[in-house]
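In order, the protein sequences belong to chains L and Y.
In terms of numbering that gives the first Met the number 0, the first sequence opens at residue 0 and continues consecutively.
In terms of numbering that gives the first Met the number 0, the second sequence opens at residue 0 and continues consecutively.
Everything labelled a hint here was simulated from the structure, so no lab data went into it.
Any given hint could be a false lead.
Said to hold, decoys possible - Label-pair distances were calculated between CB atoms; the ranges are:
#1 A264(Y) with D58(L): 32 to 38 Å
#2 E11(L) with Y116(Y): 27 to 33 Å
#3 S22(L) with E45(Y): 43 to 49 Å
#4 A65(L) with T208(Y): 54 to 60 Å
Unchecked claim - Only pairs whose alpha carbons sit at most 27 Å apart, straight line, appear in this in silico BS3-like list of lysine-lysine:
#5 K222(Y) with K49(Y)
#6 K62(L) with K51(L)
#7 K62(L) with K122(Y)
#8 K122(Y) with K51(L)
#9 K76(L) with K28(L)
#10 K28(L) with K51(L)
Claimed, not checked - Partial pick of chain Y residues on the chain L-facing surface, computed with a CB cut under 8 Å:
#11 W124
#12 K318
#13 A413
Yeah, the Cβ is synthetic: ideal placement off N, Cα and C, and Gly gets one too.
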Amino acid sequence: MTEQEILEGLGEIVEDIAGVPASEVTPDKSFVDDLDIDSLAMVEIAVAAQDKFGVEIPDDQLKDLATVQDVVNFVSKNTEA
Amino acid sequence: MTERETVVVTGLGATTPLGGDVASTWAGMLAGHSGVVRLEYDWVSELPVKIAAPAAADPVQILGRVQARRMDRCEQLALVAAREAWADAGAPSLDPERLGVAVSSGIGGISSTIAAYDMLNSKGWTRISPYTVPMLMPNGSAGWISMEFGARAGAHSLVSACASGAEAIGYGIDMIRSGRADVVLAGGTEAAIMPLNIGAFAVMRAMSTRNDEPSRASRPFDKGRDGFVLGEGAGVLVLESLSHARERGATIHAIAAGAGYSSDAYHISHPSPDGAGVMAAIGRALADADVATEDLVHVNAHATSTPEGDTLEAQALAKALGPAVDSVIVTSTKSMTGHLLGGAGAIESVAVIMALKDGMVPPTINLEDQDEDVPIQVAVKATPLRKRGSAPMAALNNAFGFGGHNVSLVFVAA
Chain L
0 MTEQEILEGL
10 GEIVEDIAGV
20 PASEVTPDKS
30 FVDDLDIDSL
40 AMVEIAVAAQ
50 DKFGVEIPDD
60 QLKDLATVQD
70 VVNFVSKNTE
80 A
Chain Y
0 MTERETVVVT
10 GLGATTPLGG
20 DVASTWAGML
30 AGHSGVVRLE
40 YDWVSELPVK
50 IAAPAAADPV
60 QILGRVQARR
70 MDRCEQLALV
80 AAREAWADAG
90 APSLDPERLG
100 VAVSSGIGGI
110 SSTIAAYDML
120 NSKGWTRISP
130 YTVPMLMPNG
140 SAGWISMEFG
150 ARAGAHSLVS
160 ACASGAEAIG
170 YGIDMIRSGR
180 ADVVLAGGTE
190 AAIMPLNIGA
200 FAVMRAMSTR
210 NDEPSRASRP
220 FDKGRDGFVL
230 GEGAGVLVLE
240 SLSHARERGA
250 TIHAIAAGAG
260 YSSDAYHISH
270 PSPDGAGVMA
280 AIGRALADAD
290 VATEDLVHVN
300 AHATSTPEGD
310 TLEAQALAKA
320 LGPAVDSVIV
330 TSTKSMTGHL
340 LGGAGAIESV
350 AVIMALKDGM
360 VPPTINLEDQ
370 DEDVPIQVAV
380 KATPLRKRGS
390 APMAALNNAF
400 GFGGHNVSLV
410 FVAA
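With the rest of the complex left out, here is chain Y (with noise of 0.2 Å):
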């Protein structure tokens, strides 16, 4: 068996409730931001959630009207990431059988099925969009994005949830080892903020209600937390094999090193109380990478911010870890963005890389009061990182989804 492939990340490419762009993403985590407000919609006067992250860049003013009309929102959002993830990446070229996408949404084109749903209801079948269905399949943003850069390798999507982003990255890593593609295209996007969707988690009693305090209702581990506040926008890595990337002279941000998976077999929505499909996760992402714990100096958690889901996953991260989980730093950059669902493991990934580029995790905001069932380190102002050995930095991304899906990302310092 030849040896297998090295994965590296050359491009990033985010648009969050934080910024635009990744550089602006990532000075609102350093600097503590909030992307979380009140809601101005007429409908949220009959919901008892009113409050959101939404994209703080408008992808219909980068993209034209004429081509976001047959676009979904998430799909808008996800080709914008995609575009500056390509240039950061010097828009390399290649050929395009070489070229491959791994994009996911975890709810697909949720406010193209809605306004389809009303015309079909109040005017009728023929004036539906006839764009609609390319609209509301969760596929959609691989389609655009394969279009974009004419990638011919393959166009996937993943669906797994709020894991789904995390999960088209460690596909897109398997792509390159398995020598499909040389290059990438990798990450998650969504576009919830729907009175459904906020009625159904609502519903579920899984959403904050800090309706009063929006920058203080995203709050992970802190013991006054009451559930996730939802947000929008997307995140786009450029992956690609360390052989085509030394070639051209690319910019290597960070390792994609490994990546773990596990099922809980539990619940479908539930996270299992004794944690152990989060620890597979993380075991098998650490073994994938080669990384020993002792290597490991930063977690960007899953953590949401619901009473049960911080405290299982920060249990579990102690356990997996053992005794070197008191030397990792770690913080849910939920905090700022809310939950970006389907989104939230690719922006994640942009933040574990840029932490690991700059030596800086950004904090976990609101976190005043700590849970004690929190047997973890968690950053509450930037903190800056440090090697623990000769061995390079590493850091892990995790993401969880309905369904029992957990995904865990390992990245290393370039």
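Chain L on its own, in the form it takes in the complex (with noise of 0.2 Å):
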């Protein structure tokens, strides 16, 4: 999967659950200070992302996913092996 591929599957799941068109989901974005997700759709993405990219995200991890960019990233490494 490519990095745009996960950009463009992300934004799929945050309008979805969090109703911000995915145009403005892009990488610089911050989940709570740009997009204005909370807490609780944050969980709610994590799973929809683990289900669509086939990713674990442990909670301890999770809290460090505050850019979009972060979550691409987290992605993109765990799905090469």
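Fit the two chains together into the complex; they arrive one by one in their own frames, and the hints show the way.
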């Protein structure tokens, strides 16, 4: 999966769960500060991302995923193998 | 002691089995429409009750999917009704610290609770919605409404089963009288058309099983009544101090004149056979409102269409009002909407206020053969109201809940 594919997939998830247009889900955006996503919605997004990309996101790593790029990197790194 | 602040109603909102707003609900009531239908769910086949009165308008369509998916259906309905009431009041601008909320539900987010439990059992805890707790808590509606309108004077949810909506309105009146708020969004909501609830009420033998005639199933005060029909929806009033309403030139629908409470302390679900609790609530409400029985023209009864409850209420009403009861036109709009549990007292308050405004009482449909143990005058068709003396017309709304909670509210024509 390319980073672009992950980004697009993540955009769909964020639009579906939080109602933020996928076009606004760009790498530099912070979920909390820019996309107005609270911790509860972030849990939903993480579960949907695990299903969509087939990765496991442990709680202690979820809190470090602050930006869209952080999630793309995490998914990219954990689906390489 | 300073003179007590008069509380008025400046906004009305409702979403009910008869319509998605006050206008359509009221038109449906005056026309004697029934909102009761045969349910099409698969689970119906397992239950003795196969009818209910679902909300006419889907709140998800109104709120949008993204917002709606974080809210239980009872919260969605409450927010829809609150928005209508707020707009009807002219969307007053005021200090957020002076705006309060009192919105209750009898049961809370039962469909969300069951959905989460099913998910827990099938896929495990990590798949439960992180919004489950805010969706199942009965104070969720009050919380969402406080956020929507920025209400910071306090958001409250008094739970008293089927008296919850009326009790919330009483609490809202108190918030204004005690000086804690100038404006309060007050009401009740329920969305409990679920197999667990229907099964649980059915096992108490409290529900109508007139499954082949849905629109004829809810028949308060009729000899052939065999239990209540479950309805869903919400009603919200904008309560406001008279001084605040005058200052901003608001339209006043009615005076929220008083509330009376009592508790039977008798049985957890059966009403006390002597009707003393009901009489006490009515008497206290009239006293609180400073309304004489002679000025009372209309009662929207709690009457849910159960064999026991309807006669006990009617007899208690007759005893509480004495000879004045002969000039009071009683109705039970539950004949059309079904019983909205925690929403009942709120949508019936809306109906009482509309009756005072329009001078017309909606009918109790299906009242074909009035029980001889019901010694009151019940409207079988839309009936005009007439003032009896020089005082403005007053009307009463009763709401009683399992647990022995009795609430009566008094509204007076503006």
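Hint check results:
1. Look at A264(Y) against D58(L): about 49 Å separates their beta carbons, and that is not inside 32 to 38 Å.
2. A hinted range of 27 to 33 Å for the beta carbons of E11(L) and Y116(Y) is consistent with their spacing of about 29 Å.
3. Against the hinted window of 43 to 49 Å, the Cβ-Cβ separation of S22(L) and E45(Y) comes to about 47 Å, which satisfies the hint.
4. Against the hinted window of 54 to 60 Å, the Cβ-Cβ separation of A65(L) and T208(Y) comes to about 57 Å, which satisfies the hint.
5. Restraint check for K222(Y) and K49(Y): satisfied, since their Cα atoms lie roughly 22 Å apart, inside the 27 Å limit.
6. For the suggested pair K62(L) and K51(L), the alpha carbons sit about 19 Å apart, so the restraint of at most 27 Å is met.
7. For the proposed pair K62(L) and K122(Y), the alpha carbon gap of about 23 Å is at most 27 Å, so the pair holds.
8. A distance of roughly 16 Å separates the Cα atoms of K122(Y) and K51(L); the hinted pair therefore holds under the 27 Å criterion.
9. Restraint check for K76(L) and K28(L): satisfied, since their Cα atoms lie roughly 19 Å apart, inside the 27 Å limit.
10. At roughly 21 Å between alpha-carbon atoms, K28(L) and K51(L) fall within 27 Å of each other, so this suggested pair holds.
11. Because the smallest distance between the Cβ of W124(Y) and any Cβ of chain L comes to about 11 Å, over 8 Å, the interface hint for this residue is violated.
12. Given the 8 Å rule on beta carbons, the hint for K318(Y) is violated: about 52 Å separates it from the nearest Cβ of chain L.
13. For A413(Y), the interface hint is violated, since its Cβ never comes within 8 Å of a Cβ in chain L; the closest pair sits about 41 Å apart.
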